[in-house]
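Number of protein chains: 2
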Amino acid sequence: MSNSLYLGLVHYPVYNRKNEIVTTSITNLDLHDIARSCKTYGVKTFFCINPLESQNILMSKIKDFWQTDAALKFNSDRVEAFKILQYSKAIEDAKKMIMNQEGYDPIVVTTTAMVVDNQIAVNDLVEIQENINRPILLLFGTGGGLVKDIHDSVDYTLLPLNGVDNYNHLTVRSAVAIYLDRFSSEKYRRNYGYSSSVRKGKS
Amino acid sequence: MSNSLYLGLVHYPVYNRKNEIVTTSITNLDLHDIARSCKTYGVKTFFCINPLESQNILMSKIKDFWQTDAALKFNSDRVEAFKILQYSKAIEDAKKMIMNQEGYDPIVVTTTAMVVDNQIAVNDLVEIQENINRPILLLFGTGGGLVKDIHDSVDYTLLPLNGVDNYNHLTVRSAVAIYLDRFSSEKYRRNYGYSSSVRKGKS
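As given, the protein sequences belong to chains A and B, one line each in that order.
Oh and the first sequence: position 83 is 209 in our numbering, straight run, nothing missing.
Oh and the second sequence: position 199 is 325 in our numbering, straight run, nothing missing.
Incorrect hints may have been included.
If chains are identical, the list can't say which one is meant, so a pair holds when it fits in one copy or spans any two.
[Claimed, not checked] Listed next, the in silico BS3-like pairs over lysine-lysine satisfying Cα-Cα at most 27 Å (straight line): (1) K187 - K274; (2) K170 - K144; (3) K144 - K221; (4) K144 - K199; (5) K199 - K222; (6) K199 - K313; (7) K209 - K144; (8) K170 - K215.
Just so you know, the hints here were simulated from the structure itself, not pulled from any lab data.
Generate coordinates for the entire structure from the input sequences, incorporating the hints supplied.
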């Protein structure tokens, strides 16, 4: 039985601007922002998923720096966040690592800014996990987003984040933060939404 | 009567790591991420608040590029997002610009990762705006966050974003995204939280 949450930032297979399937390169700031969001919202491991060995080396260099004494002195919060960061060659490898760690296959869930078939809301996902008691692997695409085949092959896809108008172009860093906040809000404060009984202004 | 939302990213007065009051420099990526979140969630103007003329020039250069034909060809979504970005020397100037534009003084609201006096929840703020019918100016601090005097001088301060454990070190880019999502969810989907009647898995 496991209600753990895992997150994967996918660099392949994703679309580029021309709708071609590509491998994107790792962005230093993605790692920082997303590691901190993951650490804040209790994600167990943040997988940086990229098939290229050169990118594995790049990520390791960044990660290694954030384990040094210099880094610890400079900003211990970042050191703490980077501890949950882990390289993975492919989505399948991340799934295997979760299986090994938890003893259960994860429920694999994709995110997208698009409308695709059978998308579910965040609270649905929380309910599903409560019923199934398996870990979740939540996947985010870089570049122009995860390719269709990936959405088709996973267990669920979350509904896109809709803003106020038609503009819907959040960065992946922002999208991760919002989905994690929604998931955590649904999971730990179900039925309370964001409401609070505190209601005092300043005079 | 106005229910507009404005956002200010404050570079002074904020704390540094040593709790000294400083001016931080503008970060290119803050502008990109936050402009896109603001545009997604219907923020009318995103004020980049910094007292230094050199930083005004820097911001203008970035903004000017995102108005060129080259930028439009490269990524029209970013061009769209940057249209709502505006420089402001100080919080007071941003307030005046809103007053001029709307005919009403804004309700000024700060955010913080700290616990301070009389913090309110996002849904409280939505209710307050519905009752008062004035624009909101939502302020975020860079660096180590807004100084105490600013929190003391504004109308309201929002409750901090709490994660799962004690770790609470989101980047300002992530915090902006989450607060805007919460505000928008409360304002436009009140009582619905993130729930959805859609509940279909993939087979």
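Each hint, compared with the structure:
Neither within a single protomer nor between protomers do K187 and K274 lie at most 27 Å apart by alpha-carbon distance, with minima of 32 Å and 38 Å respectively. When the C-alpha separation of K170 and K144 is checked against a cutoff of 27 Å, the pair qualifies neither within a copy, at 34 Å, nor between copies, at 31 Å. Taking identical chains as interchangeable, the C-alpha atoms of K144 and K221 are never at most 27 Å apart, the minima being 29 Å within one chain and 42 Å between chains. Within a single copy, K144 and K199 get their C-alpha atoms only as close as 44 Å, which misses the 27 Å cut-off; across copies the closest is 13 Å, which meets it.
When the C-alpha separation of K199 and K222 is checked against a cutoff of 27 Å, the pair qualifies neither within a copy, at 35 Å, nor between copies, at 41 Å. Taking identical chains as interchangeable, the C-alpha atoms of K199 and K313 are never at most 27 Å apart, the minima being 35 Å within one chain and 42 Å between chains. Proximity of K209 and K144 under a CA criterion of 27 Å is satisfied inter-copy only: 25 Å between copies versus 35 Å inside one chain copy. When the C-alpha separation of K170 and K215 is checked against a cutoff of 27 Å, the pair qualifies only within one copy, where the shortest distance is 18 Å, while the shortest distance between copies is 42 Å.
Checked against the numbered hints given earlier, this structure breaks hints 1, 2, 3, 5, 6; the rest are met.
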